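Q: The primary structure of each chain is shown beneath.
There are 2 protein chains.
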Amino acid sequence: MLQWLREYRRAALPGDISAGIVVAMMMIPQGMAYALVAGLPPVVGIYASIFPPLLYALFGTSSTQSVGPMAIVSLMTASTLAPLATPGTGLHGVLAAQLALMSGLVLLACGLLRIGFLANFFSRPVMSGFTIGSAIVIAWGQLRTLVGGPIALDASPHWPSIALGFGSLALLVMAREWLAPLLRCLRVKPVVADIAAKLAPMFVVLGATALVPLLALDRMGVATTGAVPAGLPGLNLATSSGHWQALLQPALLIGFMVFLISMSGAQALALKRGGEKLVSNRELVGLGAANVGSALSGGFPVTGSISRSAVNFAAGANTQLASMITAGLLALALVAPTGWLALLPLPTLAATIIVAVLGMLDWSTLRTAWRYDRADALALLATAGGVLVLGVEAGVLVGVALSMGALIWRASRPHIAVLGRIHGTEHFRNVDRYSAETTPGLLMLRVDAGLFFGNVDAVNERIDEELVEHASTAHLVLVLSAVNAIDTSALFGLGELNASLRQRGVTLHLAEVKGPVMDRLRDSDLLGQLSGQVFLSAANAWDRLAGSSAAGRPQPAG
Amino acid sequence: MLQWLREYRRAALPGDISAGIVVAMMMIPQGMAYALVAGLPPVVGIYASIFPPLLYALFGTSSTQSVGPMAIVSLMTASTLAPLATPGTGLHGVLAAQLALMSGLVLLACGLLRIGFLANFFSRPVMSGFTIGSAIVIAWGQLRTLVGGPIALDASPHWPSIALGFGSLALLVMAREWLAPLLRCLRVKPVVADIAAKLAPMFVVLGATALVPLLALDRMGVATTGAVPAGLPGLNLATSSGHWQALLQPALLIGFMVFLISMSGAQALALKRGGEKLVSNRELVGLGAANVGSALSGGFPVTGSISRSAVNFAAGANTQLASMITAGLLALALVAPTGWLALLPLPTLAATIIVAVLGMLDWSTLRTAWRYDRADALALLATAGGVLVLGVEAGVLVGVALSMGALIWRASRPHIAVLGRIHGTEHFRNVDRYSAETTPGLLMLRVDAGLFFGNVDAVNERIDEELVEHASTAHLVLVLSAVNAIDTSALFGLGELNASLRQRGVTLHLAEVKGPVMDRLRDSDLLGQLSGQVFLSAANAWDRLAGSSAAGRPQPAG
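Respectively, the protein sequence lines represent chains A and B.
Residue 55 in the UniProt record's numbering is what sits at position 55 of the first sequence, and the numbering runs on without skipping anything.
Residue 203 in the UniProt record's numbering is what sits at position 203 of the second sequence, and the numbering runs on without skipping anything.
Errors might be hidden in some of the hints.
Unchecked claim - Here are some of the chain A residues that sit facing chain B, going by a computed Cβ distance under 8 Å: (1) 3; (2) 122; (3) 376; (4) 410; (5) 416.
Worth flagging that the hints you see were computed from the coordinates, not collected in a lab.
Quantities reported herein were computed from a predicted structural model and do not represent experimental measurements.
We put the CB at the ideal spot given by N, CA and C, even for glycine.
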């Protein structure tokens, strides 16, 4: 902990300061926008942007990760709280902080129990589908705020809100598409141009806020943030045990997604930096502390944001000091006069949200998966559909189920090759791919998968089919060169295969068992009960068994 | 369908008839006992023993499977219905049939969608733990019926019930332990002796029923079955949509367990028979039809019972005709005068349940797993604990989660070996296990696991660690001889590794890519973007790269 601070070199300071300022300027509109997504007053987004980056800097392992409000986690917060409290009420805010506290405790517990491996339950296509589904849900949810009224044919349009909302939207889209190229044409350095483009939301929000008193938009009925109390509120918890119970399962799901989202962003950055080492169990502790910190200051669940972290990195962040500077600047924003925040128009904030989440619609994963592995592409689409139809929480479970389902489905179709000898050599190959010789009475099968509960029945079934096709088999050799592991279920499966084959007069042999697998098998009864032998190589098995079987002469096959 | 009937040979008939009779004699007390476990009147167990074996014989694929009431499924039924209706009421019976109908429809749908691979979601240790936990819950639940009153220190004991219950228990245990050996000593054939022992519950129940009028036990307060209407009731469904909704999730879980329990029993028998082929999607249809049939006759969820199926097989069943004969005999039992059933004493029925489920406590899986793979043993114990603490339904989910958790946990610790060349050969081996030579600037790593979302981050992390240890590396060769598959997540992972290494001045090469894996990779952009080459063998890579790297001379290692 804080090793980076003890080793701090002054050369890192300018980069950390500039990154700290840039991220703070990005975080103010983003934090307020994502508080809106969570159904909370925008200022709560600033409450949730002070302690979290500070605590993550103390406990986390990524040096450039920017922890704070994030769109998907805000959506999950909104969907958790919807049945429990009305947005805008005191209870709603209390429950949001309580949810952050519980998610934080879940993350801390996982970190102390060292079960960070749980993040591996989501495949990337499923994560991509989850993100796409969530982005669409968030954008759709903000449309109402963007136009200042309900989305319906018979609703009378509120033109000032619509003009401000779509005007902001147009400016933000143009800034995203054209600002950086334009600045580069004007000979601005590419890094600076890119960062300026990322700060466009800040300037659009400031401009729109200035317009409100100038054009008296608030008196025309454009919704604004409203009065913001200075300073930080403290922790407030609901006393009803029903609320604690209702928040437990959502806290588990949100904790899981907080970790998953933060890790995938941090990993992408770590690969870019080269050699930075993330320790997943310490990441859990860092994110847990950040969420507890958010709760203590009246915030809501937070996580690492890949877009902000990328800006932090690009703006020169060298160490966690950058995040600490960001936190300090956000605290100052609350201590400074906050009157101007009251006039911030919500249609503009909605526009920043829509542009941000539409930027999360990344179709390249779908394109790649569609070409490379159709099942993964379908899992992606099904997860996105699950989020849209069943909601974001069920979407997480759909995603886990589909990741695991695809895994088990693939395992249930193991690849098993009939081996033959390449004439005159000691090499054995798949008779379907090579011209290799086999010998009657001897069947050699290579199982191309680790043996575990997910494929043990399918493997036994496939072996049975091969035995029906090769009815004269007296010796069956399983070549285990591609078997990296055998779990307890598969150990039983092999034992049953051995007993069943013995009854049918077929001897079972093993060959090319890997070192670690053999070490394990020595702790079991299988080797003692095996009707045949364990051969070091397929060639050894052939030499011994091809001679001893009834009709001994090799014949070509394949 | 019914292929077995078209091919029926008369030689199979004697075996089928004797098995049909024996199983019917076993099924009458068992069916009534498991109805009691489900909280239903004992006669419902006979309703559920007529259509199910008949329909399974028509649609299923195992020739000796005995489908009907089964302890664990009855426990799940009881636990589902407990919050919805009081045992003994009309609604309770209606909901039990409705649950069978819905579970049956779930199974039929799974069969038509051909998703039988779902049965692979449970590892064997977890299944064993689930069975142990359920057996303990069932036995505990019957203690009250066994002693004819509540289990409490201040409860006044009901001596007639206690005497009858424990007397039955003692007889049943003695029959199970000693009857078969005794009969064998008397020169009875071993098969016949074993079957006679299995029929002991029938004789104990008949004897106890005869005692009731003889000793006027019913007038002393010993609970009995009570009046049984002759004939079969029809299908009765609850009209409240709330009930349909409440039963949906339990129906999914029960359908899943019905399939899992039946398949594991059928597979064990198929292995014994040798060469019998089970088609999992047709098994789903057979079990689905059986449950729908149970519902139509006022029954409750049913499945294949491994203990009854084993008796069926041992008693000579050759085809599905045996099950049809069983079904016919049970139908006769209902048409015949059913007055005697009214006097059947419940303490004796409870005793048969306790003896039956204690027979399910198989500790050998735990013993084997404890020695072979501690994680599997812990998953077994945790699943048993989950059933005991959280209940049988949550236990199923705990089991799936633990199976998957153990899988992902193992995947998160991939085995990666640094390879070196065995001097003077073309063989490459793990430098930790063999004395093999390496060359500076060239690092060869063999990944011993298929690459998928569960291990892609862990693999990248391990590679990073090896690169830190071998800091002078200019060429990294991943030897993929043990990689049987690369999913979309791992494809992205390799792409990111390639980009990250390129930035650090390390060239990434692949070697010994398997045929099917290479076929897949050709559909992706990875090979085009790879900074290095794809080599056919590790030796090729060594020959090309050991020369080209900075400090070319081989040096011994390991």
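Q: Using the nearest Cβ pair, does residue 3(A) come within less than 8 Å of chain B?
A: 16 Å, violated
Q: Checking hints one by one. Is residue 410(A) an interface residue toward chain B, by the C-beta closer than 8 Å rule?
A: Nearest chain B Cβ about 7 Å off; hint holds.
Q: Closer than 8 Å between Cβ atoms is the bar; does residue 376(A) clear it against chain B? Give me holds or violated.
A: 4 Å, holds
Q: Under the criterion of a CB-CB separation shorter than 8 Å, is residue 416(A) in contact with chain B as hinted?
A: Since chain B brings no Cβ nearer than about 11 Å to residue 416(A), farther than 8 Å, the hint is violated.
Q: Mind checking the CB of residue 122(A) against every CB in chain B and telling me if the closest is under 8 Å?
A: 7 Å, holds
Against the hints set out earlier in the document, violations occur for numbers 1, 5.
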